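Chemist: Just so you know, the sequences run in chain order A and B. Here the numbering used here is used: the first sequence runs in plain steps of one and ends on residue 160. Here the numbering used here is used: the second sequence runs in plain steps of one and ends on residue 1819.
Source of the hints: derived by calculation from the structure; they are not laboratory data. The reader is advised that the hints may include incorrect statements.
What the hints assert, rightly or not - If the Cβ cut is set under 7 Å, some of the chain B residues that face chain A in the computed set are: (1) 1210; (2) 1701; (3) 1702; (4) 1744; (5) 1752; (6) 1754.
What you are looking at is a predicted structure, and each value in this text was computed from that prediction instead of being measured. Backbone N, C-alpha and C fix where the C-beta goes; we use that ideal spot for every residue, glycine too.
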Amino acid sequence: MDSVKIALTVNGRRHEREVEPRRLLSDFLREDLRLTGTHLACEHGVCGSCTILMNGQTARSCLTFAVMADGAEITTIEGLGSVENMHPLQAAFWEKHGLQCGFCTPGMLMSALELLRENPDASSEEIHQALAGNLCRCTGYQTIVEAVEAAAETMRGAER
Amino acid sequence: MTLDAYIPPSRQTEKPRESYQWIGKSMKRVEDPRLLVGRGIFADDINLPEMAHAAILRSPHAHAVIKSIDKSKAEALPGVLCVMTGADAAKYTGPLPSWANPPVHQHCIAQDKVRHVGEAVAAVVAETRYIAEDACDLIEVAYEPLPAVVDLEAALSSTGDAVLHPYRGDTNVALARTFTFGTVEEDFAKADRVIERRFRWPRSGGTPMETHGAVASYDPGTGKFTIHANTSMYNYCGWMIADSLGVPAHKLNIIPTLAGGSFGAKLFSHKPCVLAATLARATDRPVKFMEDRIDNTTGCDAHGSDRVYYAKLAIQDDGTLLSLKTHIIDDYGAYFQFGVGQHGNALSQCVGPYQINSVEVALEAVLTNKCQQGAYRGFGSEVANFVIERLVDGAAAELGMDVVDIRRKNFITPDQFPYLIPTGNMYDSGNYQAVLDEALELSEYESWRAKQAEMRKEGRYVGIGVATCQERSVFSTTEFWMWNLEPGGEWTSSPDAVSLKIDPTGKAFVTLHSPFWGNSPETVAVQVLAEQLTLDPSNIEVTYSDSDHGFNSTGPGGSRFTVMVAGAVVGAAHQLKKKLLRIAGHLMEADTADLEFRDGAVSLKGAPDKRLTIAELANTAHYFRLDLPEDMDLTSGLDASYVYDHPVTTLPAKDNSHLGIFYPIMGHMCHIPVIEVDIETGKISFLNYAAVHDCGTMVNPMTLKGHVRGGVVNGIGSALMEHYHYDETGQLQNSLFTDYLVPSIMESPSDIKIGHVVTPSPFTEYGIKGGGEGGRMGAPPALAAAIEDALRPLGVTIDELPLSPNRLRRLIREAQGRS
């Protein structure tokens, strides 16, 4: 299959690569760029584990071809924060025990990030709606909602 | 035999205390930072140089003879390295591990016959997964279909071509046996009434978000395999994988990765390991095989219990429970990896928290053309909980008794522990009355009963369920073989190990010999070691050993890991503390009896300023041998290891009069959900959910709560949503997350209230009990009771799960048709 040249920015870094048109963005990120924090759990767009931000909006990287991201700005979990300097969402998930196995967590964080950027005062109901496309098998979700609420408060405080 | 003769003495060295420095604190998990920033390494994140990728061609048939396989077109595809059939694999690799006796042979790629949809017919290794999957489409297989065995009761009478494994006889009954404990017939004869029901527990599965997988390589220079995998038990029986691969155990090293959830499913997960290793040797390349979701749902070897119960409970008119008789048919699917271990498990607590004098259990385990059973959160006891609780609710309804009163009347009382149930298993401790009281208060039970009456007047169908269930923890291996008709593989050890060192700078390193499954073994180890050494947790590092360096360790499962890791850490820490005290006593010229650990140092009792820090002592222990006492046994350095055996277990009786003590660390719970049924749609809404658990001494209340809540939501899935639906031809109708529905945030209660009662175990270190499975072991009977209660005006009886809108609507229609 003929490869296509794409150029995109991932976590602030520009990459130019040749990819097959059928290559999934998830595989491109995980294998070509070695950003393995984006996880694949269903590969049919239901579970949300592979959620990333593409031009500021959430996307299922398992349902997106890498060529569709040509020219795009992508944020993955690796771009959100570091152990030394966690994003408020990451810190809140840690504080509130919003994760157990951690496999769905990167996608969950990305969906929550989009929500809080668009709606810093999200209600519990709005958090539920925003995370309805992210499956977690460990936590029962309650502490995830608590973590998003706590992060929202921190983020609102930081903006003041 | 007297109780004293039956129950071994306790080996508890750390008694439960009123307060602790680190144990019992809701410390943030040490596992979390790497997971939160996307740097945790799961199986699919392993990338080795020159690594190739495998995909499997799955059987479209439930049961068929493989007549021929033409792999020429697939092999001709550029980028393909190897196309392997079952016959090809047999040149390298033998049958997969099996605990059943006699074994049922399973291979990593089917040989001659396929026995369930999704079974591997061929595997392809290629430069990319894309090419491997393309090549799978080019393999031509001719099948001759055989009769598909799907219905578990029909499987009892299969013969001829419908028999899955003819070498075991002309039957699909893999094991049939009856156990009778106590005076069952006499108790039924004297009963005023018998509650008799047929229950159906549907096949679901742990369905972790991460599928199973392995990355294997083979070194022709050393003849040694290396496998990175999200497996467990590799330090317990990893040699069985080597055995399948036809190499001695020391020619295989298994390196654990993080596992993205298991819930039992990854208990051994040996098939991906054997498959990837077989392909690596054949191609002389490292090979990655990760299941995709369809591989997982159709062939993960980890479906859960799938049972019919014909159950009878003998009772007196005053509500006294006398005796329990169950006839169980369990659909194991196409293979039989753990035998009927799930039923050994269920016998550990089949009478629930109640005083029931005698028990008879008849089991028929059948093989059908489905993915085989493995482990799922409860390992069979979740079904037994559902059955006993449904029967008790049935008894209450029949007698017009209150569901709380009938439980109180029959509870084992706190003064009766240690308590032996008819099967011989011991309940070590408990206070069921206290748990019930706490749950009634936490759930505001009386207030909800009043509200329910009001709502019912408004025509709303609101129900309250009460389930009081056991959570046996810390299994002993006897559960796996006690049902076997023929002896073999009668293991009695199920330990867990840690190794421990303090380096010359005073930092402590714990090596766990079992893996991370999504639980918190690193946090447990840190909290217990910090408690032991009075060291700040920031000085402690936790890693995992591979099988080359590991000691006998059974691993997580059966709600055992917190108890076992704590026990192993205590054992190893005691060795190091003894050495630290000896060195400190020598250097300080003090009697060790006058010394104590305090704030990360050894100090003189009553004079805490006279101290040597652990870091100072460690430095001396490593680099200043000549400052130490002259003793050949006192080597330099600070290292120890400890293999912590099961705290209390005994053998089954040879005459089967009892099964011994095999699952004695007994947790307990009370779940009280309040739900509303929309009778037009069958939709369930949660109005309240309270769960009180007794897991003995809590190491970390926050993570324990997390386990309970997560388990409750798993239980909601089992009770209301999840069911692997095979049609009459053996096709799995729901193999994707689009149709195999697990609870999303929208189906989960937004506020599950959790309470704890603490009744420490007299047998485990600090009195800890397990708590990993309880949520799922309590929610299904509680929800069934709540829904039945909601629909009481219609006269609906609940005997079968899942209570999907579809099933509920049918029950409601039928009830309305009757009235």
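Chemist: Give a verdict on every hint.
Modeler: Hints, one by one, checked against the model:
| no. | hint | verdict |
| --- | --- | --- |
| 1 | 1210 | holds (5 Å) |
| 2 | 1701 | violated (10 Å) |
| 3 | 1702 | holds (5 Å) |
| 4 | 1744 | holds (6 Å) |
| 5 | 1752 | holds (6 Å) |
| 6 | 1754 | violated (10 Å) |
Figure legend: structure checked against the earlier numbered hints; hints not met, in rising order: 2, 6.
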